[in-house]
Amino acid sequence: MKERKGLIIGSVIMIAIFVLMFIKGEPSKSIMVWIAAILTLSIYSFLYKDNVFYKFAEHLFVGVSVGYSVSVVWQNAFIRRVFDPLFITRTYIVNDKFSLYLFLGIVIPTLLGLLMLSIFTKKQAWLIRIPIAFVVGSYAGMGIAPSFQANIFEQTRSTLYVTLSISASIMIVGVISTLVYFFFSKEHKGLLGKTANLGIWFIMIAFGASFGYTVMARISLLIGRMQFLLHDWLGVIK
Amino acid sequence: MNVLLAFLFLIQQSPDSLQSDTTKVIEVVRPAPPTDVIAMDTPNDEGESIALQWTISKDDGDGLNSVILYNVFRAPSKEGPFDYIGTVGAGRTGYDDQDVEKDKVTYYYKVKSQTKDKVESEASNVASAQSFPQWFHHGRWNYLIFGVLFTFFFAFYLSRAKVKGTKLFIRKIAGLDAVEEAVGRSTEMGKPVLFCPGIGYLYHIATIAALTILGKIAKKTAEYETRLIMPNYDPLVMTAAQEIVKQSYTEAGRPDNFNEKDIFYLTQDQFGFAAGVDGIMIREKPGAIFLQGVFYAESLILAETGHSVGAIQIAGTDRVTQLPFFISACDYTLIGEEMFAASSYLSRDPVMLGTIKGEDTSKVVIIAVIIIGTIMGILGGLNIGPFGTWFLNLVNWFTRG
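Going line by line, the protein sequences match chains C and P. In this text, residue positions in the first sequence follow this note's numbering: the first is 1, and each later residue adds one. In this text, residue positions in the second sequence follow this note's numbering: the first is 1, and each later residue adds one.
It cannot be assumed that every hint is accurate.
[What the hints assert, rightly or not] Below, simulated DSSO-like cross-link-like pairs (lysine-lysine); rule was C-alpha separation at most 30 Å, straight line:
id: 1; chain 1: P; residue 1: Lys216; chain 2: C; residue 2: Lys97
id: 2; chain 1: P; residue 1: Lys162; chain 2: P; residue 2: Lys285
id: 3; chain 1: P; residue 1: Lys216; chain 2: C; residue 2: Lys186
id: 4; chain 1: C; residue 1: Lys122; chain 2: P; residue 2: Lys246
[As the list claims (entries may be wrong)] Covered stretches of chain C, going by a simulated chain P footprint (3 or more residues, C-beta under 8 Å):
id: 5; segment: 22–30
id: 6; segment: 64–74
It should be emphasised that the hints constitute simulated quantities derived from the structure, not laboratory data. Idealized CB from N, CA, C, for every residue including glycine.
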C-alpha cells in the first residue's frame with residue numbers, strides 16, 4: 001500500500017514536471033546533461049524501492065569509480081613513484097653517483113607493496129601481514145604528536161583560556177562533565193553518576209546543534225540537485 | 001595644388017599650436033632595500049627548509065611609504081644567478097623557503113623591496129645557510145612530559161593487572177552488550193550480518209577500533225554459523241579484515257566456514273560506496289548491521305537504509321558530525337571512546353582492562369589541570385597574588401609546539 005502510494009506520488013510529480021517542461025521549459029541540448037539527469041532520477045528512484053533503474057545506476061557508479069581509481073593509482077602511485085624514478089628519471093643517481101639511500105627509498109616501499117600480492121598464494125599469504133603491520137604501526141606512531149596537539153593540548157588551552165563569564169563557566173562544566181561520562185573504570189553512581197548524566201546532556205545538546213547544522217547543509221545539496229534538474233536539464237526555472 | 005595647400009596650412013600654424021615632440025620624463029625613485037637579511041636552517045623540522053629574516057625597508061610604512069611587497073631570490077653560489085622564489089607583503093620580516101632542493105648544501109639569498117609601480121629596490125645583503133633535518137622538536141617538551149606520564153599510567157595498570165592479577169571494573173556499555181543480541185537475532189531470522197567499516201583507512205584510529213570489534217563479531221558469527229558480509233572502501237582495510245575474520249573463525253573452531261569472498265572490495269568513491277552498500281542492504285536484508293569506523297556524509301544514507309530493512313543497527317564512530325545521525329537512526333551508538341574501549345569490554349581481558357584504567361587516570365589529570373587553571377584564572381582576574389602570571393604561564397605551556 002505504502003509502495004503504491006509512493007509510486008503514484010512519484011509518477012504525478014514526474015508527469016507534472018514534464019508537462020511544465022513542454023509548456024514553458026527549454027530542455028537542455030547537451031547529451032551529458034541528459035545522462036546526468038537520468039542517472040540522478042535513477043538514484044532517486046531508490047526512495048520508492050529497489051528497482052532496475054537504481055540497480056543500473058548503482059552498478060555504473062561503482063564500476064566507473066573503481067575503474068577511475070585503478071587508473072589514478074596506476075598513474076600516481078606506480079608510474080610516478082616506482083616506474084619513472086627507477087627506470088626513466090633515475091632519481092637515485094645524483095651527480096653521476098649511485099645513492100643507495102635514495103635507491104632503497106624507492107625499492108623498499110615497492111617490495112612492501114608487492115608483498116600485498118602474496119595473498120594470491122596459499123603458503124605465503126602470511127607475508128601480507130608485514131605491509132599491513134608497517135602501515136598501521138607507522139601511522140600510529142606518526143599520529144601521536146598530532147593527537148596530543150589536537151586532542152589534549154589545544155582542547156585544554158581553549159578550555160582554560162576563557163574570560164570570566166557565564167558562557168565560559170558553562171563550557172568548563174561541560175568539558176569536565178563530558179570527560180567524566182567517558183570514565184569507564186568506575187561505575188556511574190553517586191556524584192560521578194550525576195556528573196556523567198550532566199555530561200550526556202551536554203553531548204546531546206552539542207549533537208542536536210550539529211544535527212541541525214548538517215541538515216541545513218544537506219538541504220542545500222538537495223536544492224543544488226533540484227536546480228540542476230529544473231534549470232540545467234528541463235529549463236523550467238530561470 | 002596640393003603642395004600649395006599644404007604650404008598655406010603650415011604657415012598658418014603658430015609654434016604653440018604645433019605638437020611638441022618631447023618625452024615626458026618620469027622620475028623613478030627606487031625604494032630602500034630591506035637590511036640585515038639573515039638566513040638560517042628552519043628549526044625543529046625535517047629539513048629542506050631555510051628561514052629568512054630581515055629588517056623592513058625604510059620606505060615600508062615610513063619614509064616614502066611606497067613598499068608594497070618583498071621579493072626573495074635564491075642562488076646556489078654567492079655570485080648568482082639568483083632566481084626569484086617568492087614574495088611576501090609589506091611589513092613582513094621573514095620568509096620560509098620550503099623548496100630547498102638538498103640538505104647540507106649552502107644556498108644564498110637576497111631580498112628586494114618593490115613598489116606598486118613594480119619598481120624594485122637595490123638588492124639587500126646576501127645571506128647564506130644550509131638546511132638540516134632535526135631528530136627532535138625542541139619546542140615539544142610538553143608533549144614528551146604528558147606522553148611519559150600517560151605511558152606510565154598505562155604501564156602501571158597493565159602491570160597491576162598482569163602481575164598482581166588485580167580485577168579491574170569496566171562500566172556497562174549498552175551498545176556493546178547488544179552485539180551478542182544482534183548476532184543472535186540475525187541467526188534466529190536466518191539472515192546474514194552486515195559489517196560496514198566506513199570509508200576510513202588503516203591509519204584511522206576508528207578504523208582500527210572497528211577491526212577489533214569485527215574480530216569479536218566474527219567469532220560470534222562463526223559460533224552461530226551465520227554469514228558475515230563486509231563491503232570495503234579501502235583495499236588495505238579489506239585485506240586486514242579478511243585476516244582478522246579468518247583468525248576469528250579459526251579461534252571459534254570453524255575455519256571451514258570462513259568465506260573470504262564475503263569480505264570484498266566495493267569502490268573507493270564515497271557515494272559509489274554508499275550506493276553499493278545500500279543495494280547490498282536491500283537485496284541481502286541483513287538481520288544485524290554494524291556501522292563501525294570512519295563515516296562522513298554517507299552515514300545517514302546507510303543508517304536510514306539499514307533501518308528500512310528492519311535490521312538491528314549498532315553504529316560507532318569518532319566523527320562528531322556524524323554521531324547525531326547514527327544516534328537518530330540506529331538502535332545503539334558507540335560514541336567515540338566507547339568504541340575504543342570495545343576491545344577491552346568485549347574480551348574482558350584483565351590486561352586490556354588495565355589500559356582503560358590508565359586512560360581514565362589520564363583524564364583525571366586533564367580534569368585537574370582544567371580545574372587548577374580555572375581557579376588560577378579567576379584569582380588572576382581578580383588581581384590576587386601572582387596567579388595571573390601563573391595562569392598565563394600555564395596557558396602558554398599548552399600553546400607550545
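Hint-by-hint comparison with the structure:
no.	hint	in the structure
1	P/Lys216 - C/Lys97	violated (53 Å)
2	P/Lys162 - P/Lys285	violated (44 Å)
3	P/Lys216 - C/Lys186	holds (24 Å)
4	C/Lys122 - P/Lys246	holds (13 Å)
5	22–30	violated (count 0)
6	64–74	holds (count 5)
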